[in-house]
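As you go down the protein sequences, you meet chains A and F in turn.
Residues in the first sequence are numbered consecutively from 1, following the working numbering.
Residues in the second sequence are numbered consecutively from 1001, following the working numbering.
Check before you lean on any hint, since a few could be wrong.
[Said to hold, decoys possible] Derived pair list, reagent style DSSO-like, types lysine-lysine, alpha-carbon separation capped at 27 Å:
# : chain 1 : residue 1 : chain 2 : residue 2
1 : F       : LYS1269   : A       : LYS263
2 : A       : LYS263    : F       : LYS1228
3 : F       : LYS1177   : A       : LYS244
4 : F       : LYS1248   : A       : LYS244
5 : A       : LYS111    : A       : LYS65
6 : A       : LYS153    : A       : LYS111
In case anyone wonders, no lab produced these hints; they're calculated from the structure.
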Amino acid sequence: MEIRLTNLNYRHHEQNIFTRLNLTLEGPKIIGIMGEKKTQLLKLIDAINLPNKGSIYLDDEKLQKDNLTSFRRKVALITQEVKDQFFESTVEDEMKFLVSVMHYNAKDLTKRMRDALKMVGLDDTYLSKNMSTLSSGEQKLIQLAVSLLYNPKVILLDDPMIYLDYPRKKNLIRLLKRLKEKYDKTIIIASNDSNFLYPLVDEVVILHHQNRVIQGSSEEIFQDVKMLEKQHIEIPYLVAFTEKARAKGVRLSYHKDIRDIIKDIYKHVD
Amino acid sequence: MKSIIRITNLDFSYEKEKVFSSFSMEIKEGCFTTIIGPNQSGKTTLIKLMAGLLPNQESVILEHQYIESDKMENAAQELGVVLSDIENKFLFNEVYQELCYPLENLNYSKEEIEKRIQEISDLLELEPLLDKRIERLTSTEKKKVFFALALLHHPKLLLLDNPFAGLTEKEREKMRKLLKKLNQKEAMTIVLATNNLTDILESDYVYVLNKGKICMEGEPLSVLQEEKILNQIGLELPFMVDLSLKLKFYEVYDRIETDMDRMVNDLWK
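Just chain A, with the same shape it has in the complex (with noise of 0.2 Å):
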């Protein structure tokens, strides 16, 4: 799956939010976008909003009018806010009312539906659930979990870790990475949080100013401290300890798991 922006011009409340943009996305791979107007970039590449000039393209797909309906199913969007969203009461229906908008026919839709839950890491008994009862952390996979069931080969999500406590984002971590691995999705995350992503990622993209853009792998960007500082982006504290040792002449080596670090710090100590 490959996602093409090209010489894309965007405003919105008489600003200009992107003046030819030029990126391109290849999945699977999960990446993170950081920087300013990371939503906007999401909403354009959701088909939410369209731009005022220049073209998107999901693999050789153009983005048109006329196609916006299947465009959208091979794009989910999980949105940062949710709770204004839902139409229905309990979350069955709601995941049936949503299918429905994608104009979707799935067979078996509540076994799917319950297959989809779980894989957010949910049980049965939320089905039955009132949608305004649940927390914003429960909404939002909720959210993931309806986008699952119309299979998209895209899943968007804006700044997924605010609102989930410690075993939910647990839980999304091992799912997102599930997701690129067994079903060659391609995860786009919107986020500023560098140690959320550091250790998750493939691939960043730092939106700095209406079209430009740093792109690189994970350990590209960084472990690039310098640009990162430009930039005001927080350094991962992983790559933070590294850097701090190195200079102090201690040949530690970058990790982006705290046990390695351990290891490598323990060779390093007499």
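Add chain F to chain A, keeping to what the hints say.
Same frame as chain A, but now just chain F:
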């Protein structure tokens, strides 16, 4: 040590929602106690009950006296409270006026008021804020003023609900050290409610609260060893605490250090 607050068999609900049932807890006099728990574990309710801001069936006792809102006048002099929702609770336009008012109410003389405000502003580094208008303060600065208001009248007991929210790690550490100082030098009893595990480090005793129940209690270090339980109830070890504990396990490091520079300097001199 005798207890300053004793909660016995407390039942408490908001309309339909039950928060505590037969809940008991003791706060020892002179102790720095932290109550840690994830969102909706009951922390805020507990602090409000201790402060006499919510009604209960005489199950919250402050020094042999039942705390309730209409008998608060006596207790109020002994209590300093910082609640988490800090907006819109100032009475005056300027910081200095705001700080004078409670002392005037306690019949402090003009000299005493000036002296006390000086002490407090030295303690909390408030000097540059004193003649500022409240509306011009940042949220961190407002937080400091609330701290000052809670401490002005030399309370015996300081109750704090998530007072560090929004502060950077450096500021948090400073505030924790300050609390420790108040606790040790002025023998102030402190109850701190928080959802950040770094905050428990300076305290003497920790209660871990989950869904209205105490699921663990003890000294900070012994609580932090139970990573699994903490994770299960939704608490994440902060990076530096996690790193310290793991290095400690391998006997590479001997304590919990939250400052990365200091740890690196210790490891490689």
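To see whether the hints hold, each was checked on the structure:
1. F:LYS1269 to A:LYS263: Status holds; Cα separation ~19 Å.
2. A:LYS263 to F:LYS1228: holds, 21 Å
3. F:LYS1177 to A:LYS244: Within the cut-off at roughly 25 Å; holds.
4. F:LYS1248 to A:LYS244: holds, 20 Å
5. A:LYS111 to A:LYS65: The hint is violated at about 34 Å.
6. A:LYS153 to A:LYS111: Since the Cα atoms of LYS153 (chain A) and LYS111 (chain A) sit roughly 21 Å apart, the hinted pair holds (cutoff 27 Å).
Going down the numbered hints, you'll see the structure goes against just number 5.
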